[in-house]
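**Q** Just need the whole structure built from these sequences, with the hints factored in.
Residue numbers (full-length UniProt numbering), protein chains in the order written: chain H, 1 to 225; chain F, 1 to 308; chain U, 1 to 254.
Hints in this document: simulated from the structure, not taken from any laboratory. Small disclaimer: the values here were computed from a predicted structure and weren't measured. Heads up, the beta-carbon is just placed ideally off N, CA and C, and yes, glycines get one too. Don't take each hint at face value.
[Stated by the list, open to error] Mimicking DSS-like on lysine-lysine, the simulated pairs with C-alpha atoms at most 27 Å apart in a straight line are: (1) F:Lys36 to H:Lys95; (2) F:Lys100 to U:Lys12; (3) F:Lys36 to H:Lys222; (4) H:Lys156 to F:Lys37; (5) H:Lys110 to F:Lys36; (6) U:Lys80 to F:Lys37; (7) U:Lys12 to F:Lys144; (8) H:Lys95 to F:Lys37; (9) F:Lys100 to U:Lys5; (10) U:Lys48 to H:Lys95; (11) H:Lys115 to U:Lys80; (12) H:Lys222 to F:Lys37; (13) F:Lys144 to F:Lys105; (14) U:Lys48 to F:Lys66; (15) U:Lys65 to F:Lys66; (16) F:Lys269 to U:Lys5; (17) U:Lys48 to F:Lys64; (18) F:Lys36 to F:Lys64; (19) F:Lys100 to F:Lys197; (20) F:Lys105 to U:Lys12.
[Unchecked claim] Label pairs and their computed distance ranges (CB to CB): (21) F:Arg277 to H:Asp183: 53 to 61 Å; (22) F:Asp55 to U:Val14: 41 to 49 Å; (23) H:Glu133 to F:Gly233: 23 to 31 Å; (24) U:Arg86 to F:Lys100: 51 to 59 Å; (25) U:Leu17 to F:Glu285: 50 to 58 Å; (26) H:Lys213 to F:Gly233: 26 to 34 Å.
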Amino acid sequence: MNQVVTPGQRLANAGDYQEEEKEGLQWTSIALVGARQLWRTVALGITLSAASTRLTKLLMFFRDDFIYASVVGRTQVTQPSVSGQPLVLTVTRQKEANAIPDVGSIVTGKIIRVKPQFATMSIMVVGAVPCRENFQGVIRIQDVRATERDKVQIYKSFRPGDVVRAEVVSLGDARSYYLSTADNELGVIFAQSMAGFTMIPISWEQMICPKTKVMEYRKCAKPNV
Amino acid sequence: MAGGEGSTGPGSEAMDMTPQDRPSATGFSLDPETFKKIHPMEYHRRFLSQGVRADGRVLTKFRKAKISLGSISTANGSAMVRLGDTTVICGVKAEVTEPKPAAPKSGFIVPNLDLPPLCSPNYRAGPPPELAQTVSEYIDQVIKSCDLVDPETLCIEPGHAVWVLYVDVICLNHGGNVMDAALIALVAALKHTLLPKATFYESESTVRVTEERTVPLMVKQTLIPVTFGVFDGTITLADPTSDEEPHLSTQLTLILDGIGGNDAYGMLKPGGTVINRSALLDMWELAKIRAINVSEALEEAFNAANAI
Amino acid sequence: MADRKRVVGPEKSVVPLLEPGSLVAFTFDPNRRKDGRNVDRIRPVFMKTGVVRQANGSAYMEAGKLKVACAVYGPRQNLKSKVSTRGTLGCDFKFSPFSGGRRRGYMKDSQEREYSLVLEQALSPAVRLDLMPKSTIDVFVQILESDGSAACLAAAITCASLALADAGIEMVDAVAACAAGYFGSTICLDPTEEEEGYEGGSLVLSYMPSLNEVTHVIQSGETSTATTVKALELCVDACSQIHTVMQQSLAANV
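**A** What follows is the structure, given as structure tokens:
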């Protein structure tokens with residue numbers, strides 16, 4: 001069965017399915033895993049964390065003993081390959097919704113302002129999905145790196161224009177999400193030197209300009225290749 | 001500029017037709033969508049260095065103008081124009097007003113471009129954005145200076161009553177080059193406008209009109225706007241899209257007649273970098289061909305509208 | 001009202017009156033509607049999604065002469081800085097200047113402000129705003145041609161809900177809306193502008209057919225309870241018909 005669904009379409013009796021509790025998986029679609037079993041969810045590229053119970057209600061919802069679809073897409077019931085295993089009810093969305101940052105998501109963006117206590121970043125990409133419109137985030141001084149936090153100086157970590165990869169640590173205040181670069185893989189991934197050339201990282205805290213050989217301080221991300 | 005020899009600046013690597021992941025100097029690879037978002041200038045530069053644009057057109061190719069007329073029955077004249085993703089709709093409403101004492105026979109034409117927040121994520125509710133203001137103002141200047149419609153043909157009773165034509169252009173999708181779409185729509189809508197027969201009754205000093213609209217508006221010329229963008233100061237792009245517009249170093253709009261492209265009615269270059277003379281002359285040549293193409297599309301639209 | 005940011009015309013202008021002779025004596029009989037519809041029939045509807053490429057989702061709808069375009073942006077950052085664990089839905093309803101009998105200004109008038117609010121109230125229950133903390137969804141509706149104000153409102157709600165679904169925004173159901181006019185004891189569905197001039201009152205129902213839930217209802221004018229109940233029933237049926245068209249147009253893209 002592979003069927004087109006629209007919001008509000010009834011998919012199944014709720015009693016036949018249960019929500020599946022699984023973590024750390026990357027799903028490309030949301031599935032209710034069935035025969036009185038599991039209801040799995042997850043949007044593309046988002047890693048489920050234990051805290052994000054909100055995510056588990058994506059694409060489908062329960063009401064009055066029934067399960068309904070809440071987006072336009074396709075639904076599918078997968079028969080188990082081994083008998084005794086549950087049926088899986090899946091909803092795959094037709095169109096990716098706007099990416100919005102959530103706690104735990106990895107975001108990429110540009111530094112737009114640097115202050116002694118924090119750097120302000122314009123979040124442009126969430127996971128692998130570019131945002132149509134940017135969100136604002138801040139990297140506070142205590143979130144720049146994991147160790148020796150008291151020695152961090154913001155201007156030795158980021159400069160306006162740097163492209164930074166960071167993790168969302170909280171939904172933050174009214175204006176900004178709070179971001180952290182306290183991990184090896186997080187930090188500056190692209191920066192230009194004073195002379196205007198793309199710099200190469202030489203350690204986790206320094207980058208070098210290939211033309212002028214001037215070294216500048218940055219909180220560099222560890223290259224992933 | 002793009003891909004300078006031996007430079008480690010972005011753009012130095014060998015390029016594919018699509019700006020795919022490249023092992024960048026910093027060791028991070030970005031997928032094309034992300035790359036476009038983070039380094040938009042570089043993204044376009046890579047395409048242009050290959051002689052194509054991000055939407056697949058060659059540099060001097062225009063998007064086809066699709067025109068349809070008379071879809072709004074509440075307006076005296078209307079036209080919908082599409083240039084690629086850009087969609088505008090123009091409606092003409094005729095109302096009656098008193099002429100100015102200095103020009104007792106002259107009617108009014110009031111053109112406005114509206115860029116509602118519906119048409120692009122960059123606009124919010126509130127006063128019109130700068131682009132809407134500049135385009136409205138410029139169009140007003142052009143149609144006044146070239147007498148697109150003789151204001152005296154809008155006279156009902158000298159000194160007492162004249163027509164005022166409100167020409168409102170609404171952008172429904174801002175895919176770039178709104179200026180061209182707006183002016184084409186305005187000219188098409190005016191040419192398609194029918195006014196009712198109006199009589200001024202001295203005794204009750206009011207104007208009464210017939211229910212049917214039968215009087216066509218006398219539109220003198222067919223103005224065809226042709227807009228170019230200049231990228232990195234040297235590369236001429238015809239009919240820029242909204243992806244390209246924010247990164248252009250300057251823009252140029254030429255306004256020609258639609259018959260042979262031999263008469264010029266306007267030229268606007270709002271600041272930016274310089275355009276050298278030979279590039280400017282090339283643009284005029286391209287504009288002439290474009291003007292003829294657009295007026296053919298207009299012609300077709302009128303034939304289609306009359307056939308119904 | 002000086003507007004320095006637009007091209008302004010003469011201070012005052014009027015829509016001219018018709019010649020006395022051209023006014024045909026018109027008596028309205030709800031059982032013989034000008035367009036040949038039965039009292040319980042809505043105008044034929046046409047819907048299309050994805051018309052505004054810049055937006056996250058969009059829809060265009062025609063019902064007879066009535067034409068509506070709608071674009072949805074978001075979820076995007078809420079610029080009005082107030083912290084909220086739920087998302088917010090902002091709606092904006094606008095008549096185009098040339099959409100009706102008299103030219104409309106660019107400033108929102110009280111009717112447009114009221115309809116913006118109704119739109120928000122009618123759609124909010126359907127959108128799963130609890131999934132979008134700190135964000136806002138903006139819905140913009142532009143009437144290109146109007147034909148009956150209650151019908152415009154109903155079309156705006158339907159079209160906006162279609163655009164929301166097209167944007168991939170999580171909803172519990174698509175909201176369909178329908179208008180009805182009271183002509184004495186007769187109820188006419190989906191009255192046109194001309195018919196509206198003769199009606200004693202009107203009702204606009206916003207309804208989620210799959211869940212069988214009403215999100216918004218607004219009635220004006222005086223009728224009996226029995227008539228109102230009957231009107232509601234008629235509207236519910238019509239909404240289900242509209243909903244089917246909505247589902248078809250959404251499914252066409254999958």
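**Q** If you test the structure against every hint from before, which numbers come out violated?
**A** Going through the list in order, the structure violates no hint and respects every one.
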